[in-house]
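Engineer: Sequence:
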Amino acid sequence: MLSPAFEGRTKEICRYLGCGSRIPDPCILSEIEEAEKLLLPLISKKEIHRVFPLAPADDGSVRIGDVPAPGKALRRVLTGCEQAVLMAATIGFAPDRLAKRAAASGKMSRALVIGAAGSALIEEWCDEVQEMIREEAASCGLFIRPRFSPGYGDFSIHFQKDLFRMLEVSKYTGITLTGQGMMLPEKSVTAVIGLSRSDSRCPPAGCESCSRSADCRFRR
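So for the sequence shown, my numbering puts the first residue at 49; every next one is plus one.
To be clear, the hints were calculated from the coordinates, so they are not data collected in a lab.
One or more of the hints may lead you astray.
As the list claims (entries may be wrong) - Under the rule of at most 20 angstroms between Cα atoms (straight-line distance), these lysine to any residue pairs were calculated in the SDA-like manner: (1) K94 <-> R245; (2) K85 <-> F141; (3) K93 <-> E60; (4) K93 <-> L225; (5) K94 <-> S78; (6) K85 <-> P72.
All chains should be modelled from the sequences, with the hints used to inform the complete structure.
Structural biologist: Below, the structure written as structure tokens:
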């Protein structure tokens, strides 16, 4: 049984550190507490999301707006949906800068913990954005599907370029895209969320849908 102190964000940070469900030693827990104190006043939350029409493509993928979005996994997640929301969110450069500063000072464990804390914080922010989208959808009689990001499964990371154009991501959030499709700040997320008129059970998402074995050290 986990102690109350090892729930919520602390548990997620430990998961990103690869601890699984094991409670780490007090030194790591102390580093996590320190990382949160450093990061929380400095994060800068920004997001943009828009709704686009959704249609099946001839090759078995889907089209979001006028853009093909390849991947059988994405098609499966969006089955039964008529529209899709594209979203982008970031918590800014603070995690990147603090982690690099710690590493430059030889504090590698602190750098790793700051990175893990940043990952947990951006996921929290994405959950908040997703809740906003859920409320907006509900006001129109629609239900949302789990968010699904480029680079996950067979959903090509190259869709990032189209998503950035369609949302004007850099203009509204300050996130930029490298030539390899990676985002800066690093603690940024883009995703697709399907909109359906049915609240029937969604296809598996996240760890449920991953083909990795159940012993993955990052598994929830």
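Engineer: All hints are to be evaluated individually against the structure, with a verdict given for each.
Structural biologist: Results of checking the hints against the structure:
no.	hint	verdict
1	K94 <-> R245	violated (29 angstroms)
2	K85 <-> F141	holds (16 angstroms)
3	K93 <-> E60	holds (19 angstroms)
4	K93 <-> L225	holds (18 angstroms)
5	K94 <-> S78	violated (29 angstroms)
6	K85 <-> P72	holds (19 angstroms)
Against the hints set out earlier in the document, violations occur for numbers 1 and 5.
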